[in-house]
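Engineer: Sequence:
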Amino acid sequence: MNLEEVLGRFSVELGVKLPGPATQLNSSLPKVLADFYSVVDGLKLPFLEIYPAKRVSPLQRPADQPPAWVEFGADGYFTWYLCALDSAVVPPVAAWDHETRVPIEATYVSVAALIAEEYERVASDDAWRAH
Numbered sequence: 013m014n015l016e017e018v019l020g021r022f023s024v025e026l027g028v029k030l031p032g033p034a035t036q037l038n039s040s041l042p043k044v045l046a047d048f049y050s051v052v053d054g055l056k057l058p059f060l061e062i063y064p065a066k067r068v069s070p071l072q073r074p075a076d077q078p079p080a081w082v083e084f085g086a087d088g089y090f091t092w093y094l095c096a097l098d099s100a101v102v103p104p105v106a107a108w109d110h111e112t113r114v115p116i117e118a119t120y121v122s123v124a125a126l127i128a129e130e131y132e133r134v135a136s137d138d139a140w141r142a143h
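FYI, my numbering numbers position 123 of the sequence shown as 135, with every residue one higher than the one before it.
Check each hint, because a few of them may be wrong.
Label-pair ranges, simulated between beta-carbon atoms [said to hold, decoys possible]: (1) G20 with A80: 29 to 39 Å; (2) S136 with G27: 34 to 44 Å; (3) G27 with T112: 13 to 23 Å; (4) S136 with N38: 31 to 41 Å; (5) K29 with K66: 16 to 26 Å; (6) K29 with A100: 35 to 45 Å.
These are computed hints drawn from the structure, not numbers from a lab. C-beta atoms are modelled at their ideal positions from N, C-alpha and C, and glycine is treated no differently.
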């Protein structure tokens with residue numbers, strides 16, 4: 013599913029009003045994030061938030077723990093959404109529980125893939141659906 017399809021699904025199923033694209037993008041943003049922000053400048057859903065482009069920030073980690081990452085969102089609990097700055101890291105997007113201190117493992121090829129999987133995860137959770 014591409015980004016437009018994922019976003020269209022949320023606007024219909026969840027009644028989410030989507031912001032327009034980011035008006036200014038930092039040239040150092042990884043391509044996968046620039047692609048997302050060229051369509052929509054952030055996204056707030058009941059189960060996750062993708063920050064507006066101006067809130068994307070470097071993840072503070074010791075220099076001996078490459079690669080470098082930027083934080084671009086969170087689930088509102090313990091998970092941060094990260095994107096590798098090094099274009100050689102494939103897939104480039106990760107959902108990382110910063111409380112566990114386990115190594116970051118990128119598993120998503122795009123922001124759309126992350127959003128779609130998170131939605132499927134919570135949609136199958138009876139407790140979440142009951143809210």
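Engineer: Evaluate each hint against the coordinates.
Structural biologist: Hints versus structure:
1. G20 with A80: 29 to 39 Å: holds, 33 Å
2. S136 with G27: 34 to 44 Å: violated, 20 Å
3. G27 with T112: 13 to 23 Å: For T112 against G27, whose Cβ atoms are near 34 Å apart, the range 13 to 23 Å is violated.
4. S136 with N38: 31 to 41 Å: Since S136 and N38 have Cβ atoms about 36 Å apart, the given range 31 to 41 Å holds.
5. K29 with K66: 16 to 26 Å: holds, 19 Å
6. K29 with A100: 35 to 45 Å: At 37 Å between Cβs, range holds.
Of the numbered hints listed earlier, those contradicted by the structure are 2 and 3.
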